[in-house]
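Colleague: Spelled out, the chains give:
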Amino acid sequence: MSHRIFKNYFSWLLLGLLIAIIFLPYILSNAYQLRVWMLLLIYAVVALGLNLVVGLAGLISLGQAGLLAIGAYTASILATKFGFEFIPAALAAMCLTGIFGVVLAYPTLRVRGVYLAVITIAFGIVVENIAIEWSSVTGGTTGISNIPKIAFFGHALDDIGFYYLIGMIFLVSFIIHYNIKKSRFGRSMRAATQSEIAVRSVGINPISARTLAFTLAAVLTGIAGALYAYLNSYVNPDTFRFLDSLRYLLMVILGGSGTVLGPLLGAAILTYIPEFFQKFGIWQHFAYGALLTIVIFIMPLGIVGTIIFWYGKFQPKRLYKSNQWPALEPLVDELIKQPIEKSQVCLSVNNLTVRFGGLVANNNISENIQTGSIHAIIGPNGAGKSTFLNCISGLYKATDGAIIFDNKNISGLPMHTLAKMGIARTFQNTELFGQMTVLENVLVGFHTKYKSGLLATIARWPTFTKEENHFHDLANSLLRYVGLDDYAHEEARNLPFGHQRRLEIARALAISPKVLLLDEPAAGLTHTEIEDLKRLINSLSEKNITIVLVEHHVEMIMALSNTVTVLDYGIVIASGTPDEVQENPMVIEAYFGSQGVANA
Amino acid sequence: MHNAPLLEVIDLSVVYGRVEATRDVSLKIYPGEFVAIIGSNGAGKSSTLKAIAGVIRPSRGNILLEGMPIQGLPSHEMVKKGIVLVPEGRYVFADQSVEDNLKLGGYLRDSRDVNNGIAEIYDLFPRLKERKDQLAGSLSGGEQQMLAIARGILAKPKILMIDEVSLGLAPKILQFLFPVLTYLNEAGLSILLVEQLATEALAVTSRAYVMEGGKVTISGNSTDLTHDPRVMEAYLGKKNK
Numbered sequence: 001m002s003h004r005i006f007k008n009y010f011s012w013l014l015l016g017l018l019i020a021i022i023f024l025p026y027i028l029s030n031a032y033q034l035r036v037w038m039l040l041l042i043y044a045v046v047a048l049g050l051n052l053v054v055g056l057a058g059l060i061s062l063g064q065a066g067l068l069a070i071g072a073y074t075a076s077i078l079a080t081k082f083g084f085e086f087i088p089a090a091l092a093a094m095c096l097t098g099i100f101g102v103v104l105a106y107p108t109l110r111v112r113g114v115y116l117a118v119i120t121i122a123f124g125i126v127v128e129n130i131a132i133e134w135s136s137v138t139g140g141t142t143g144i145s146n147i148p149k150i151a152f153f154g155h156a157l158d159d160i161g162f163y164y165l166i167g168m169i170f171l172v173s174f175i176i177h178y179n180i181k182k183s184r185f186g187r188s189m190r191a192a193t194q195s196e197i198a199v200r201s202v203g204i205n206p207i208s209a210r211t212l213a214f215t216l217a218a219v220l221t222g223i224a225g226a227l228y229a230y231l232n233s234y235v236n237p238d239t240f241r242f243l244d245s246l247r248y249l250l251m252v253i254l255g256g257s258g259t260v261l262g263p264l265l266g267a268a269i270l271t272y273i274p275e276f277f278q279k280f281g282i283w284q285h286f287a288y289g290a291l292l293t294i295v296i297f298i299m300p301l302g303i304v305g306t307i308i309f310w311y312g313k314f315q316p317k318r319l320y321k322s323n324q325w326p327a328l329e330p331l332v333d334e335l336i337k338q339p340i341e342k343s344q345v346c347l348s349v350n351n352l353t354v355r356f357g358g359l360v361a362n363n364n365i366s367e368n369i370q371t372g373s374i375h376a377i378i379g380p381n382g383a384g385k386s387t388f389l390n391c392i393s394g395l396y397k398a399t400d401g402a403i404i405f406d407n408k409n410i411s412g413l414p415m416h417t418l419a420k421m422g423i424a425r426t427f428q429n430t431e432l433f434g435q436m437t438v439l440e441n442v443l444v445g446f447h448t449k450y451k452s453g454l455l456a457t458i459a460r461w462p463t464f465t466k467e468e469n470h471f472h473d474l475a476n477s478l479l480r481y482v483g484l485d486d487y488a489h490e491e492a493r494n495l496p497f498g499h500q501r502r503l504e505i506a507r508a509l510a511i512s513p514k515v516l517l518l519d520e521p522a523a524g525l526t527h528t529e530i531e532d533l534k535r536l537i538n539s540l541s542e543k544n545i546t547i548v549l550v551e552h553h554v555e556m557i558m559a560l561s562n563t564v565t566v567l568d569y570g571i572v573i574a575s576g577t578p579d580e581v582q583e584n585p586m587v588i589e590a591y592f593g594s595q596g597v598a599n600a
Numbered sequence: 001m002h003n004a005p006l007l008e009v010i011d012l013s014v015v016y017g018r019v020e021a022t023r024d025v026s027l028k029i030y031p032g033e034f035v036a037i038i039g040s041n042g043a044g045k046s047s048t049l050k051a052i053a054g055v056i057r058p059s060r061g062n063i064l065l066e067g068m069p070i071q072g073l074p075s076h077e078m079v080k081k082g083i084v085l086v087p088e089g090r091y092v093f094a095d096q097s098v099e100d101n102l103k104l105g106g107y108l109r110d111s112r113d114v115n116n117g118i119a120e121i122y123d124l125f126p127r128l129k130e131r132k133d134q135l136a137g138s139l140s141g142g143e144q145q146m147l148a149i150a151r152g153i154l155a156k157p158k159i160l161m162i163d164e165v166s167l168g169l170a171p172k173i174l175q176f177l178f179p180v181l182t183y184l185n186e187a188g189l190s191i192l193l194v195e196q197l198a199t200e201a202l203a204v205t206s207r208a209y210v211m212e213g214g215k216v217t218i219s220g221n222s223t224d225l226t227h228d229p230r231v232m233e234a235y236l237g238k239k240n241k
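As you go down the protein sequences, you meet chains H and F in turn. When we follow our numbering, the leftmost residue of the first sequence carries the number 1, and every step to the right adds one. When we follow our numbering, the leftmost residue of the second sequence carries the number 1, and every step to the right adds one.
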């Protein structure tokens with residue numbers, strides 16, 4: 001079973017790296033070369049951590065040198081002033097940098113992109129200056145020297161022993177990095193950068209995903225810092241400058257951000273190339289800069305990223321097709337079926353008002369939505385239908401009024417909290433994770449259902465593997481339900497628009513919703529596809545899922561709905577059975593137009 | 001009556017990742033025609049339009065405009081040649097005003113001509129005139145579609161391609177928009193329309209192509225297609241009796 005998730009190539013890669021690390025000292029001719037390799041592996045650990053931030057969470061940090069400094073100084077101070085051995089000193093360094101990782105993630109609450117980059121630069125500069133100015137603790141510009149040789153329980157390690165220790169820590173970091181990338185945590189990080197709204201809609205707080213990325217990166221940088229201090233036997237502020245931060249970012253980008261091997265390759269190139277260029281004398285910086293510029297210009301995806309891209313180009317192409325849908329399998333049935341509720345009303349909206357500046361998008365709307373019913377909201381474009389859905393799902397905050405769900409007033413609660421309570425939705429303009437596969441899109445929907453925590457995931461505990469397999473099966477089953485199984489391993493952005501809508505429904509169903517809000521699910525579908533969609537919605541209703549449907553395909557609404565509410569200029573102008581609404585003159589005037597329902 | 005086609009597409013193939021979206025699609029549009037492409041999702045309709053507009057590069061095939069090969073040109077060059085796409089999902093410039101959106105449509109033309117063009121647009125779409133200073137993002141879906149079409153017209157295209165005119169629009173808006181397209185066509189504009197609402201598309205166009213699984217399967221006169229049993233069952237939601 002497990003071969004589906006543990007791609008064989010990774011085991012081979014790991015074995016190759018292990019052998020290389022074991023035999024490297026026998027190939028190298030002198031102690032200096034071994035030292036360069038030790039440095040390289042330490043940098044690779046920093047780059048692996050940074051890859052979680054840059055490659056997975058899609059954020060930028062130009063402050064990693066600051067984190068490395070915190071790790072290095074913590075270990076040095078504990079070793080020289082308090083006589084700590086390596087293990088406790090390194091653990092303390094990791095804890096402290098971890099805390100600073102959380103601190104660095106905090107700005108992502110508000111800013112991303114260039115602004116975040118500036119904040120992380122500022123962080124690095126602050127750390128550097130503290131190291132310079134707080135001389136009583138850090139030794140000022142001269143730094144801390146005489147850091148003892150690394151020792152375990154009184155036994156000092158020789159150079160080769162230290163090298164193997166670094167090699168082992170690198171391999172463990174490499175495994176952690178891979179296991180995070182190929183887990184729900186890695187998926188949630190990647191998803192959060194592609195659509196923040198969509199991750200919220202399946203119950204994931206994107207801030208947690210980003211904090212996790214920053215914290216893990218910081219912890220890895222912490223241990224790298226400790227190793228760095230012991231390797232040099234001294235630390236000073238010169239090696240923790242902005243340009244160093246820039247170099248770590250370059251390692252990730254040059255190697256291929258988001259890839260498994262990219263950070264290692266980038267670290268190797270940026271550690272070895274400067275050594276090589278030294279013979280160019282005064283031209284060395286010029287040659288170095290020129291090389292970087294050319295490589296990144298030719299390969300914006302980085303070296304590994306570019307190789308993967310061209311590999312994909314030569315994969316066989318074929319025509320894909322939608323399979324017969326809806327195809328309900330027992331697995332999905334069990335997943336989505338809701339118990340029959342005793343209470344009749346599932347969602348109750350009281351005097352809901354939403355204002356945007358002077359515009360009243362929803363004006364004093366009161367509506368009861370029956371459990372297990374199909375409740376349609378119709379009205380002209382701009383009548384406030386989407387605003388109404390956005391309020392119920394927590395995307396917008398109502399200006400006034402209450403929304404009662406599960407006997408609680410949920411008005412004002414954030415979308416990810418409501419998703420956990422059982423309110424799922426799709427989006428008018430589709431919000432998919434475009435650069436993730438169709439299958440991964442659905443797997444992100446299962447995120448909050450996983451029980452295995454971070455440690456079980458990193459260690460690939462048997463419970464984790466079992467769970468991961470289970471959700472893969474469920475996701476495949478959900479894809480068959482909406483007829484998209486043929487596309488499972490394609491990137492979601494390559495799907496035709498109408499298929500993207502179905503994928504959104506599959507992802508929304510992954511959270512086993514009590515209420516499903518569908519925003520124009522039939523837009524862009526042909527008559528035949530609308531017939532399939534009607535069957536799907538009916539089958540959901542049979543499983544006691546309450547459906548709130550915003551739609552313009554009148555024939556579909558009239559055939560499906562138990563209740564139709566008509567909005568115009570943010571006001572409810574009619575609400576009742578499809579027949580009642582269809583004959584209401586106000587509705588005909590506002591919505592169906594002069595030609596009436598027959599031609600709509 | 002038509003001799004040389006305005007636009008000719010020969011054996012066009014489009015690939016995304018591993019998905020082959022169209023395979024060997026051939027179409028002809030003659031000057032002044034109003035032609036539809038209908039078909040289900042994944043049939044390759046939008047991909048065909050995007051390839052003609054230069055939004056994506058076709059992997060194979062030729063596109064001829066007035067007999068000259070133009071395949072592979074980037075989309076801004078295509079606009080210069082006179083091929084303009086009104087994209088699926090409209091893509092108006094949300095944080096610029098309605099009037100600025102219109103001016104951007106005429107970016108490549110003389111500004112005096114554009115201003116005259118805008119005046120004509122306001123006659124055609126009085127709603128846009130009422131909202132000319134509003135941000136495009138604050139318009140309703142129907143108004144945004146009007147704006148997207150108007151922006152396309154202001155580029156003064158030889159052929160206007162519209163992807164999904166009906167997407168997410170209320171019936172009343174559609175009753176307004178389809179006649180506008182007919183009016184524009186009668187005034188001399190060649191239009192290629194991709195549309196999911198096959199009934200509406202066949203009612204306004206003179207010819208149509210039906211696509212299925214990346215290929216053109218049926219083509220012909222729109223009124224004939226309305227009565228074609230294969231089309232009726234699959235795309236018009238009518239059972240053939």
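For the record, the hints were derived by calculation from the structure and aren't laboratory data. Quick caveat, the model's predicted, so the values are computed rather than measured. It is possible that part of the hints are untrue.
[What the hints assert, rightly or not] Straight-line C-alpha distance at most 20 Å; calculated SDA-like pairs for lysine to any residue: (1) H:K313 with F:E20; (2) H:K317 with F:V15; (3) F:K132 with H:G358; (4) H:K313 with F:S26; (5) F:K132 with H:F497; (6) H:K321 with F:Y16; (7) H:K321 with F:K132; (8) H:K321 with F:K129; (9) H:K317 with F:E20; (10) F:K129 with H:P462; (11) F:K215 with F:M68; (12) H:K182 with H:F497; (13) H:K534 with F:S26; (14) H:K313 with F:R57; (15) H:K313 with F:G17; (16) F:K215 with H:P462; (17) F:K215 with H:N381; (18) H:K313 with F:V15; (19) F:K215 with H:G358; (20) H:K317 with F:K132; (21) H:K321 with F:V15.
[As the list claims (entries may be wrong)] Sample of chain H residues facing chain F (criterion: CB under 10 Å; computed from the structure): (22) P25; (23) S29; (24) E133; (25) Q278; (26) G281; (27) P380; (28) F497; (29) T526.
Just so it is clear, CB atoms sit at the ideal spot from N, CA and C, and this is done for glycine as well.
Colleague: Are the hints correct? Go through all of them and say.
Modeller: Against the structure, the hints come out as follows:
1. H:K313 with F:E20: 12 Å, holds
2. H:K317 with F:V15: With a Cα-Cα distance of about 8 Å, the restraint between K317 of chain H and V15 of chain F holds, given a limit of 20 Å.
3. F:K132 with H:G358: OK: K132 of chain F and G358 of chain H at ~18 Å, within 20 Å.
4. H:K313 with F:S26: Violated: K313 of chain H and S26 of chain F sit about 25 Å apart, past 20 Å.
5. F:K132 with H:F497: Violated, at roughly 30 Å.
6. H:K321 with F:Y16: Distance ~14 Å between K321 of chain H and Y16 of chain F Cα, so the pair holds.
7. H:K321 with F:K132: 43 Å, violated
8. H:K321 with F:K129: 44 Å, violated
9. H:K317 with F:E20: 6 Å, holds
10. F:K129 with H:P462: The hint is violated at about 65 Å.
11. F:K215 with F:M68: 24 Å, violated
12. H:K182 with H:F497: 27 Å, violated
13. H:K534 with F:S26: 34 Å, violated
14. H:K313 with F:R57: 14 Å, holds
15. H:K313 with F:G17: 7 Å, holds
16. F:K215 with H:P462: Judged against 20 Å, a Cα distance of about 48 Å means the pair is violated.
17. F:K215 with H:N381: Roughly 34 Å separates the two Cα atoms, so the pair is violated.
18. H:K313 with F:V15: Cα-Cα ~10 Å, so holds.
19. F:K215 with H:G358: 50 Å, violated
20. H:K317 with F:K132: 46 Å, violated
21. H:K321 with F:V15: With Cα atoms ~14 Å apart, K321 of chain H and V15 of chain F stay inside 20 Å; holds.
22. P25: Interface hint status for P25 of chain H: violated (44 Å vs cutoff 10 Å).
23. S29: Nearest chain F Cβ about 47 Å off; hint violated.
24. E133: Check failed: Cβ of E133 of chain H comes no nearer than 44 Å to chain F, outside 10 Å.
25. Q278: 43 Å, violated
26. G281: 44 Å, violated
27. P380: 5 Å, holds
28. F497: Given a least distance of 6 Å, the restraint on F497 of chain H holds.
29. T526: Holds. Min distance 5 Å.
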